[in-house]
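Colleague: Residue numbers (my numbering), protein chains in the order written: chain A, 16 to 374; chain B, 16 to 374; chain C, 16 to 374; chain D, 16 to 374; chain E, 16 to 374.
Just so you know, the hints here were simulated from the structure itself, not pulled from any lab data.
Note that CB positions come from ideal geometry on N, CA and C, so glycine has one too.
Mixed in with the good hints, there may be bad ones.
With a straight-line Cα cutoff of 27 Å, these simulated DSSO-like cross-link-like pairs (lysine-lysine) come out [unchecked claim]:
1. D:LYS371 with E:LYS225
2. A:LYS372 with B:LYS225
3. D:LYS59 with C:LYS372
4. A:LYS144 with E:LYS225
5. B:LYS165 with B:LYS144
6. B:LYS225 with E:LYS371
7. E:LYS122 with E:LYS144
8. B:LYS372 with A:LYS371
9. C:LYS371 with B:LYS371
10. B:LYS372 with A:LYS372
11. D:LYS59 with D:LYS74
12. A:LYS59 with B:LYS108
13. A:LYS122 with A:LYS225
For each label pair, taking beta carbons as the anchor points, the in silico distance ranges come out as [as the list claims (entries may be wrong)]:
14. B:MET233 with D:MET233: 48 to 56 Å
15. D:HIS126 with B:ARG138: 56 to 64 Å
16. B:MET233 with D:HIS126: 34 to 42 Å
17. C:ASP286 with A:GLU217: 44 to 52 Å
18. C:ASP286 with B:ASP146: 38 to 46 Å
19. B:HIS346 with A:VAL356: 35 to 43 Å
20. A:ARG257 with B:ASP48: 38 to 46 Å
21. B:VAL46 with A:ARG257: 38 to 46 Å
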Amino acid sequence: MNESTENQRATMRLKAGLPPGSVVFTGSRKVDDLIFDIILYSPKHCETLSPANWQEARKILDEHKAEKAWLNVTGLHDTQVIEEIGNYFSWHKLAIEDIVSVNQRAKLEDHDKHFYIVARMLRLMPNRKIDEEQLSIFLHKNTIVTFQEKPGDVFDSLRNRLIEGKGAIRGRNIDYCLYALLDSVVDQYFVIAESLGDQLEEIEQLVMYKPNSFDLAMLHQLRRELLKLRRAVYPMREVAGRMNNTDLAIFEEGTRFFLRDLHDHCVQVMDNIEIQRDIATGLMDVYMNTVSNRMNEIMKVLTIIATIFIPLTFIAGVYGMNFDNMPELHHPYGYHMVWAVMIAVAVVMLLWFRRKKWL
Amino acid sequence: MNESTENQRATMRLKAGLPPGSVVFTGSRKVDDLIFDIILYSPKHCETLSPANWQEARKILDEHKAEKAWLNVTGLHDTQVIEEIGNYFSWHKLAIEDIVSVNQRAKLEDHDKHFYIVARMLRLMPNRKIDEEQLSIFLHKNTIVTFQEKPGDVFDSLRNRLIEGKGAIRGRNIDYCLYALLDSVVDQYFVIAESLGDQLEEIEQLVMYKPNSFDLAMLHQLRRELLKLRRAVYPMREVAGRMNNTDLAIFEEGTRFFLRDLHDHCVQVMDNIEIQRDIATGLMDVYMNTVSNRMNEIMKVLTIIATIFIPLTFIAGVYGMNFDNMPELHHPYGYHMVWAVMIAVAVVMLLWFRRKKWL
Amino acid sequence: MNESTENQRATMRLKAGLPPGSVVFTGSRKVDDLIFDIILYSPKHCETLSPANWQEARKILDEHKAEKAWLNVTGLHDTQVIEEIGNYFSWHKLAIEDIVSVNQRAKLEDHDKHFYIVARMLRLMPNRKIDEEQLSIFLHKNTIVTFQEKPGDVFDSLRNRLIEGKGAIRGRNIDYCLYALLDSVVDQYFVIAESLGDQLEEIEQLVMYKPNSFDLAMLHQLRRELLKLRRAVYPMREVAGRMNNTDLAIFEEGTRFFLRDLHDHCVQVMDNIEIQRDIATGLMDVYMNTVSNRMNEIMKVLTIIATIFIPLTFIAGVYGMNFDNMPELHHPYGYHMVWAVMIAVAVVMLLWFRRKKWL
Amino acid sequence: MNESTENQRATMRLKAGLPPGSVVFTGSRKVDDLIFDIILYSPKHCETLSPANWQEARKILDEHKAEKAWLNVTGLHDTQVIEEIGNYFSWHKLAIEDIVSVNQRAKLEDHDKHFYIVARMLRLMPNRKIDEEQLSIFLHKNTIVTFQEKPGDVFDSLRNRLIEGKGAIRGRNIDYCLYALLDSVVDQYFVIAESLGDQLEEIEQLVMYKPNSFDLAMLHQLRRELLKLRRAVYPMREVAGRMNNTDLAIFEEGTRFFLRDLHDHCVQVMDNIEIQRDIATGLMDVYMNTVSNRMNEIMKVLTIIATIFIPLTFIAGVYGMNFDNMPELHHPYGYHMVWAVMIAVAVVMLLWFRRKKWL
Amino acid sequence: MNESTENQRATMRLKAGLPPGSVVFTGSRKVDDLIFDIILYSPKHCETLSPANWQEARKILDEHKAEKAWLNVTGLHDTQVIEEIGNYFSWHKLAIEDIVSVNQRAKLEDHDKHFYIVARMLRLMPNRKIDEEQLSIFLHKNTIVTFQEKPGDVFDSLRNRLIEGKGAIRGRNIDYCLYALLDSVVDQYFVIAESLGDQLEEIEQLVMYKPNSFDLAMLHQLRRELLKLRRAVYPMREVAGRMNNTDLAIFEEGTRFFLRDLHDHCVQVMDNIEIQRDIATGLMDVYMNTVSNRMNEIMKVLTIIATIFIPLTFIAGVYGMNFDNMPELHHPYGYHMVWAVMIAVAVVMLLWFRRKKWL
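One chain only, chain A, in its complex shape (with noise of 0.2 Å):
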């Protein structure tokens, strides 16, 4: 989170004077130009292109009017160029300023000849790690446009599937595309949501049978994370339901029902966050007490020791004393009487330990 929200904080002071509609990028630059992909298919056909800049993308998508597209543009930083891509398809300027706009929550927006739709992609990495970054897609008629902030996302099985005829998707409309997009997300929160399960039961494992080699600081970050998801998941379960309930014109009755199975899943995680939050609120508890009983360990150790001998020293203590008059020291067995008083008072205390449980 820190990287990208630290720019974020600077661009936002920078940004809080702007006009509304202003497109500034509040996110850091993570390629050197915009990588452009269309992909355009057709129930029997599908092709792959590689457009260098947006003129050229540009006369592909005006060439190939009759069949469905995917543009898929990679970075933000060059704002002058997006503003140019959003005249094109003549977007709402809010819309485009919110592009680059790169903390905003997942939301749907319905603009009459097209939708935008805001979502965060979460990728789990390799080192469980959760890589987020902000995905703006624009639903045309016939046309998708996706904005992501880098290279790497969720959908290359969805390409291939594409690319390979694979499943429905090249007979269905463009809107099945969307679902199948949301749905790629979505299936990576639950990824996600099942690898912070894993770590979870992993830190329990340690506080349950190994607390010393326990770092409440794993189990915070964990928390922390769990925040991460759900304030990804919160706003788009919100926005499958809305796709769901509604009368968008926009999605054939077909696509309605999987539009149902998106909200599912995304009700699904949240379920699994807030069982998963509770259980580490749970295991807090679970870890403090822990400690507490490590603590009375030691005191109880300090106390037993520091009983028996303080006492013993105390009687050593006397007859090491220099009076002439002590008549205990110059009795043959002294010496012996003494030692017995000492163990005595040694076994007297053990026993009442003993008693009381304590050892």
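Start from chain A and add chains B, C, D and E according to the hints.
Modeller: Chains B, C, D and E in isolation, oriented as in the chain A frame:
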């Protein structure tokens, strides 16, 4: 929870790239081959059949279209056969996918010609553990199809009632059979809630009267099981509520009343769960307090012993010094006076502790 | 809660396999035989009858159809008789099942020709314990039938008003009698809430002024009783609200106003409960703090004593050493100087503690 | 809360057996006789009368039916007179019962010809205590009747405005006078909320800068008072909201706007209360932490002193032994070398503490 | 918060007796005289005027009725002038009262001919403190009037856009100017939320890696500021939501879209606040745990040192006794054997601590 969720996670990652509607089993294989059971019944007649495979089962169903039939399938690993079953009944492919995705929330889907219901089937095992599996139910005009993960379920008494013709079940429409299935599932929730209640009371007794033999992990475990039960009951209540409230053509008027009862039962289990969670939280406090008090007790013993003997040892130390000129040492009653001083100090200390209510 | 819930659980497990509508008593038998009481009344007249069994009671009811009648049945163990009663009045078999399932939430069921109402009847016993039993009420056009588990209820004053003709009750329709029954139940909730409030204040006094004689188990017990009361009141409020809001043909317009009052009372009790729960939670904090402070006090005494005497004992130890060459020992004022040093050390320590506000 | 609630409880138990509508005073008598005050006013004229009893008051009201009248009754113990008043105005008997049941929540009842409103009248006493009493208001077409428990209220300025003809109040309908009464009550809530806010800030200063002179009971007391205020404000907001939203024929259009303002004020007080509760909870944490830190400080001092001197005392002890054959004792610089060793040990310890940041 | 609230409280008490609509300034005077600023603008033209007093300002407004005008008034102490302004524009007297009651929640009031909006204007000061003042906005058909407490606001960039003719603002209706004002206010909420987020991360770093230099008061302070921000944002979101949802004739269709954006921004800030509150609570736990661990560490050191040396000191004490008959003392290797015993004891103790993982 561990075994099933681990498998689930492994498959989850694998699945996250597949097209929607991919039938991938996310659980672990628990039977060698799918097991088929068919109960054919009409008001006057009831027959139990165990076809060896789907082809045989299909033949039976085709031949007895006039009778009400309940087909139960045990085992979900053979996704190919399950797809065949789904195609035979013309289920939506997302529903078929959900049968074998074994971490669904309870839900109700209305597919015009049939209903698809998912429920979490919990069973109380002899060792008080909770066994959880997914139950999928398809309700057609004259047929019910159920899928479960492994042999053993909560429907034995229902089967007996069908076979022996007890109760009204044979004479009523097939929707009543759906209700009877869900009622068996929810009745088991009750049994589990009560068992957890028993365990909580046992833990309460330990915390209150034998805190030494209490282990916080027990309480943590119980809270996890309560979460698990709650996760099953909450969506089940929604399902019962929806069946109860909305106008679903498939339900006879007479069944409606039973559905309301089902909903009431879910609410009652939830009530129980919430109260137990509240009590568990309260117990936590009581236990933490016991731990604190034990610590206080230990500290008090240490402090009393140390506070009495440390000054006495000092006095003994003083008269153990070897100065040439120490007049007290040569006084004939020096030694006795020192003893008097030491006893006085000890008595003053003890009185002071008594005034402070430490003794 | 213990006795009744244990029985309830045992029967629960037994019952979980029976068909819906099985009339199984889930409580423990509390009377030898069912006890029947009938009060027949009309504006000018009131008669109390105690038929020995259901046959007699039935005859009385058949003979006095013109008069308003309240039949009260005490004891639920004889399920066969209760089924007979139910069949006589043509109640739904699920309702009959609920009469003897003694762990129901308060609820209101509208069965066209009659209403079925369940309420939790709580009574404050002389030892401040709360006695709980289930009250089932069936409201017909001219008859009220009530079922309770054991002798003794909260209706004595209502009976007196009927017999002595006090208040408006004889002159009004039977629905007013239902209101009067529920009002008696809710009034008792008030009494209990107030008793718990008294106990909470006593505990508060203990925590604040005599923490030594306070036992956390008392507070835990009180919170459990608050939960129990809350569990009774919450659904009761829903029942009162539904009777108040919906158009139930059976209620006269004039009674509607009384029902609103009933609802207000429930809300008021709930308010009380919530405030008491808040205060109980706050008390917990106060007590925990008292425990911490006591620990601090103990540690402080130990530290002050130890910190003063440990250095002094060291000094005494030094001059107890037996080296040949220790010039201080032979100095004529060596002993006095050592005393001076030791007193100085002690005074410095004490001043330092005073500056630290430990003394 | 104590005095009034104790009386309330005693009567509660007594009352729990009476028929609904029994007029039983549940508070404690606070005046000798009921006090009657009548203010008669019209746009140009205002007159204040103090009839000695209800008969006189009744005569005045009968004679001045054309003028707007506000009758204020102080004292609730004489239930007979209050019933007479109620019958004169034809109030519902449950409403009359509520006047003298002095633990009502604020509420609004619409009785066609008149409204009945209950409010909790809180007053800030000079010693910062909150004085609470119940205020009942009956609003008729041309008359307002108010009941309060004891002399002294928050309406003095309202009376002055009526008498001196300040503001619009004389010229407006009687419903504006109701608003003015409630506005006075809510304004006082503000004053109390602010006073509690002041106290909270004082406590915050203590906790932060003088934790020694802070007593947790103060915070507990404050939280209780916040609960008390909240209990008064929450239902009051509902009352204001209902007056504002629903179409109550008795309210002029122009008054509606004032009612909205009343509602806003309630919301604002509630906002204040919630924030103060949050801060109070935060303070609790801060204080607990202060207590922990103080304990740490004490332990550290003890540990440093003990850890330095215990080894040194041991060394001194060794050379205090009386063995015949201890060569060190006879070495000419033995004593000095022991001192060197002891100083070295102490210095090493101190350095180690410094490295651990304990010094 | 302190300065303004203290004044507010003082006036509150004073005000609690005044009639509704009394215009009493509840803040503290922050400017000598009211400052007036008028910006007159039309699509092609923009003029800034600074009339010296209300008479001049009034004349300007009268002369330029055709142009869109934004009148900004700084300073609220001169209630007489503010009443004059209110009468000139025929505002409701409760609205005039609210302008100078400087502790209002954000709200929107629809007065047919004009709207009255209150917002909390927060500004981030260079020292990271949050400066809060009340902003009142009156929206007429062609005129906006704003009131603020003191010089300095968040509108500088909006003024520049008007003067320099940047953006669409000059060309649009006056309702867009209202949106632009609120957008500036909400943008500043973002900046503040991000600044608090930065501070929280700094505190997190401290707690995690330098717990010694962390002071809990910092976290408490941060939580208070989060509460303050939340108190401003929550009602603001309601205002934005109401402007967005309801059919307010004054808003052009085109502005509606911007209002939705405003609402989204409020929701986003609230999301941020809630997450930060969650993290802050988690940090509290982490810190408390750090404190516990430090205590454990201290206790462990004390226990190890004491437990090793106390028995050794006892042994030394024994052979410091002066009994005549102590054979060990005269053994030629007695001294060496005692050393051996003492070393053995110490080694055993150390090994035992190592086995307990304390070393």
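Colleague: For a quick check of understanding: which of the numbered hints are violated here, in increasing order?
Modeller: Those not satisfied are hints 3, 13, 14, 16, 19.
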